[in-house]
Amino acid sequence: SQQGEEDPQALSIQEGENATMNCSYKTSINNLQWYRQNSGRGLVHLILIRSNEREKHSGRLRVTLDTSKKSSSLLITASRAADTASYFCATDQTGANNLFFGTGTRLTVIP
Amino acid sequence: DAGVTQSPTHLIKTRGQQVTLRCSPKSGHDTVSWYQQALGQGPQFIFQYYEEEERQRGNFPDRFSGHQFPNYSSELNVNALLLGDSALYLCASSLYGRVTDTQYFGPGTRLTVL
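If you're matching them up, the sequences are chains A and B in order. Start counting the first sequence at 1; every next residue gets the next number (the numbering used here). Start counting the second sequence at 1; every next residue gets the next number (the numbering used here).
Hint data in this document are derived by calculation from the structure and do not stem from the laboratory. Quantities reported herein were computed from a predicted structural model and do not represent experimental measurements. Check the hints yourself; a few may be wrong.
Stretch-level coverage of chain B by chain A, calculated; a stretch enters the list once three of its residues show a Cβ under 8 Å from a Cβ in chain A [said to hold, decoys possible]:
#1 47-60
#2 90-100
#3 104-111
Listed next, with one range per pair, are the computed distances between beta-carbon atoms [as the list claims (entries may be wrong)]:
#4 A/D7 with B/G3: 26 to 36 Å
#5 B/D101 with A/E15: 26 to 36 Å
#6 A/G59 with B/G3: 12 to 22 Å
#7 A/N97 with B/R63: 17 to 27 Å
#8 B/G3 with A/T27: 23 to 33 Å
#9 B/P70 with A/R80: 41 to 51 Å
#10 A/S68 with B/I12: 42 to 52 Å
To list a few chain B residues with every Cβ distance to chain A over 12 Å, as calculated [to be verified]:
#11 I12
#12 S27
#13 R63
#14 L81
#15 D85
All residues carry an ideal CB built from backbone N, CA and C; glycine is no exception.
Just chain B, same shape as in the assembly (with noise of 0.2 Å):
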């Protein structure tokens, strides 16, 4: 039973520019949530993803947007990098637009922005 998996595991990024951080499910999942974790801090709601649409929105500018594939995996994009982007990010998944029940989180993202 394949675990919640996010690529790449480490990535460092300079000022401005943008990245894409990726997302798989646990197998027969079908919802997708992305959380930013700064360092010393609790994970923060980005944004849900469920049926391929944004269905949750949390505190974060337009800056942050994703996508959902039709085999439920997600991206993550963050444009125009500021200093204080540097978090981990980690992808959680669960069924049915429930992002309110047991979340199964990957291991996460490391983002580095110099």
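Isolated chain A (complex conformation) (with noise of 0.2 Å):
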């Protein structure tokens, strides 16, 4: 089973404008990570957050996270056509030692 859910299911925005998705999860972690992947292929890792962190930058990335609603956000500013994909949340839940990954939010950035 699938440990977090993101939201919202599909985003689409003008190229420059902010991207934000949610992503939410049931249980305590110790860390919980953004991949992104195109056209179905393999997934790229964009950022990791430890579950003691509340805020992480990486370029045009912000990712927050908020462990008492087992939630976190990722934010991609100035938004580019290339960034067109599917972006999935990563929980390592406490005592599990494997990845559970959400459902995705599908992004499409209009250029």
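Both chains are given apart, each in its own frame, so use the hints to dock them into the complex.
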């Protein structure tokens, strides 16, 4: 079964706008990761945030983590057409020693 | 620096047949994890191989088995294929058996079962 659930399922924005997607999960975690997948191919790791961190930045990406609400958000600023992809959160559930992926958000950036 | 490679890219099989998928990890990595991704879903963990042994296993039947070779490459075998086994099979590599650190994914093998 899948641990995380992304929201929204699909998002369509204009190039230059910001995109925000959310991830909710059910149990305590050690870390949370975000991955990108283009056209049903391999996943690319974007960022990892540990349970004792609240915010992390990487280039145009900003990730927040609220362990009390069991949720995370991924913000992509100044979006580009090349950001069009599916985005997945993956949680490292305490005691499980494997990653649980959510159902993904499909982002479309219109040029 | 060679990334994760998988073969074949696509595969078509019929129900009841057996299939073998192959994965070579990123250069320097010693741990291989396999995931199944059904259409429109997120990847689901099948199992992990480290030091040539299966270390962790997800909720998959025994029809799914694997192997890791001394050069760290790995195979995923699926017996008695069902229509529901149609999916993208992803291989990911990492270090020291750490499947919860950053995973480096291959391009996947698309399996279609008819």
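Here is what the structure says about each hint:
1. A stretch counts as covered by a chain when three or more of its residues have a beta carbon under 8 Å from one of that chain; for the region 47-60 of chain B and chain A the count is 4, and the coverage holds.
2. Counting residues of the region 90-100 of chain B whose CB lies closer than 8 Å to any CB of chain A gives 4, so the stated coverage by that chain holds, three being the minimum.
3. For the region 104-111 of chain B, the stated coverage by chain A holds: 6 residues have a C-beta nearer than 8 Å to a C-beta of that chain, and at least 3 were required.
4. As the Cβ distance of A/D7 to B/G3 is approximately 31 Å, the hint placing it in 26 to 36 Å holds.
5. Look at B/D101 against A/E15: about 33 Å separates their beta carbons, and that is inside 26 to 36 Å.
6. In this structure the hint that A/G59 and B/G3 lie 12 to 22 Å apart at CB holds, the actual value being about 20 Å.
7. Remark: the range hint 17 to 27 Å for A/N97 to B/R63 is upheld by a beta-carbon distance near 23 Å.
8. Between B/G3 and A/T27 the Cβ separation comes to about 32 Å, which falls inside the hinted range of 23 to 33 Å.
9. The given range of 41 to 51 Å is respected by B/P70 and A/R80, whose C-beta atoms sit roughly 43 Å from each other.
10. At roughly 48 Å, the beta carbons of A/S68 and B/I12 sit within the given window of 42 to 52 Å.
11. No beta-carbon of chain A is positioned within 12 Å of the beta-carbon of B/I12; the least distance is around 16 Å.
12. Here B/S27 stays apart from chain A, with its beta-carbon at least about 16 Å from theirs, past the 12 Å limit.
13. A cut-off of 12 Å between C-beta atoms confirms that B/R63 is not in contact with chain A; the least separation is 19 Å.
14. For B/L81, the requirement that its beta carbon stay farther than 12 Å from each beta carbon of chain A is met, with the minimum near 20 Å.
15. Consistency note on B/D85: stated as away from chain A, and its beta-carbon is indeed over 12 Å from all of that chain's, at 17 Å minimum.
Violation of the numbered hints given earlier is absent; every hint is satisfied by the structure.
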